[in-house]
Amino acid sequence: MVKLEKIDGSKVVLEIEVPEEKVAEALEKAYRKVVKTVSLPGFRKGKVPRPILESRFGVEILYEDALEYLVPDAYDSAVKETGITTLDKPEIDLVQFEKGKTLIFKATVEVTPEVPLGEYRGIAVTKQLREITETDLENRLQQLQRQHATLETVEEGTVENGDIVVMDFTGYLDGEPFEGGAAEGYSLEIGSGQLIPGFEEQMIGMKRGEEKELEVTFPDDYHQEALAGKPAVFKVIVNEIKRRNLPELDDAFAQEVSEFDTLAELKEDIMNKLKQQEEDRAQTALENEVVEKVAAATADFSLPQVLVEREIDRQLAEMEQFLRMQGLTLEKYLELTNKELAEMREEQRAEAEKRVKANLVLDAIITKEGITAADEELDERINKFAESYGQNAETIRNYFAAQGQLDVIRQEIQFRKAIDFLVAEAQVTTETAPAQTEA
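Residue 109 in my numbering sits at position 109 of the sequence shown, and the numbers go up by one each step.
A couple of the hints might just be wrong.
[What the hints assert, rightly or not] Under the rule of at most 27 Å between Cα atoms (straight-line distance), these lysine-lysine pairs were calculated in the DSSO-like manner:
| # | residue 1 | residue 2 |
| --- | --- | --- |
| 1 | Lys-357 | Lys-11 |
| 2 | Lys-293 | Lys-273 |
| 3 | Lys-368 | Lys-6 |
| 4 | Lys-230 | Lys-242 |
| 5 | Lys-332 | Lys-127 |
| 6 | Lys-357 | Lys-80 |
| 7 | Lys-127 | Lys-106 |
| 8 | Lys-417 | Lys-273 |
| 9 | Lys-417 | Lys-368 |
| 10 | Lys-273 | Lys-80 |
| 11 | Lys-293 | Lys-127 |
| 12 | Lys-3 | Lys-106 |
| 13 | Lys-354 | Lys-11 |
| 14 | Lys-29 | Lys-45 |
| 15 | Lys-47 | Lys-22 |
By construction, these hints were calculated from the structure, which means they are not laboratory data.
Construct the entire structure; sequences and hints are all you get.
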């Protein structure tokens, strides 16, 4: 017998009663396991009769194993009977467990909440495109030139914008060096904005071997709070100046950097790719706007905290990956920003709650609209994974199955189809912003 009580928004309590005969079977099964480890005078090991075992040690010696047999099966059956979708492991509280009586226990667990869907058809959104111009093409060609440029050491002459300078520097606050403010053999591209405002500009005109004191002020929003808004002096010495020698933009250049024979063909390809990138960007922004507006049209409801915490974990994992690409660890970042991990988690909470609500709204739409992921769609997704990893599809499928990820992939397919459905049902206006021209 199962009783269900809703508490605290997305939590429920299941009161589950297991019949006496099942309890008796579990106790007997537990006895057969426990007796194998018991030795008493006058009996061979594993041959102590149950009445004597219970008399000597108490029937409680069987309870732990019996509960392991009873609770999981009873809980799973109760979940199926009530039709709830659980989100985490339950908290189990025993109400009654005695020999000769039924087992009664309570299971408290977070479940997928009921989502009070608002209007999700006919949402008015705008797809905003930016016109791709010859300036965009020229900028991309310049990037290619820089990527394929050769570096030449400047023996004579001074630092210019765009040069790469190898230098040593030491920073001072109130005349004292500060932690993390010194480096040797540091490479800096002048004009990249890599260092704080004013630093790179003051290096223009310096010569190889020259020493100089640069007066700067750390930005008010600088990531190290101890330095934010404070004036500092950096003593700098230029060890080496390197200058890019850009290749000519001609057919030979096109042949070197691409599969094309002429510069004209390369330009056409770049322009097509830039337009496609802008189309993809605008489409993604449109999809995000649709989902945000649908979520906003849905009345607030209690969000399962287990999902919010998981989303915070995911966001922090993304941040850790980004920091690693910058040569930092999360621990070092927390140290630099003078923050505790708990504080950073709280900073992520609002965005996490927003995403969890949007996902639950999408999930509710999937259910209401009967959106499914067909086996063929799952196969197609697995084939794409296999192609990208250079493996055969069966190997990839077996891997995902072993990791319990096949249902996750199905859910991703359903979410993708739900977003496509919402966009198809939306009232979409397309606007193309003209390129800005200099006055």
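Structure-based check of each hint:
| no. | hint | verdict |
| --- | --- | --- |
| 1 | Lys-357 / Lys-11 | holds (16 Å) |
| 2 | Lys-293 / Lys-273 | violated (30 Å) |
| 3 | Lys-368 / Lys-6 | holds (22 Å) |
| 4 | Lys-230 / Lys-242 | violated (31 Å) |
| 5 | Lys-332 / Lys-127 | violated (40 Å) |
| 6 | Lys-357 / Lys-80 | holds (25 Å) |
| 7 | Lys-127 / Lys-106 | violated (51 Å) |
| 8 | Lys-417 / Lys-273 | holds (26 Å) |
| 9 | Lys-417 / Lys-368 | holds (13 Å) |
| 10 | Lys-273 / Lys-80 | violated (51 Å) |
| 11 | Lys-293 / Lys-127 | holds (14 Å) |
| 12 | Lys-3 / Lys-106 | holds (9 Å) |
| 13 | Lys-354 / Lys-11 | holds (20 Å) |
| 14 | Lys-29 / Lys-45 | holds (17 Å) |
| 15 | Lys-47 / Lys-22 | holds (24 Å) |
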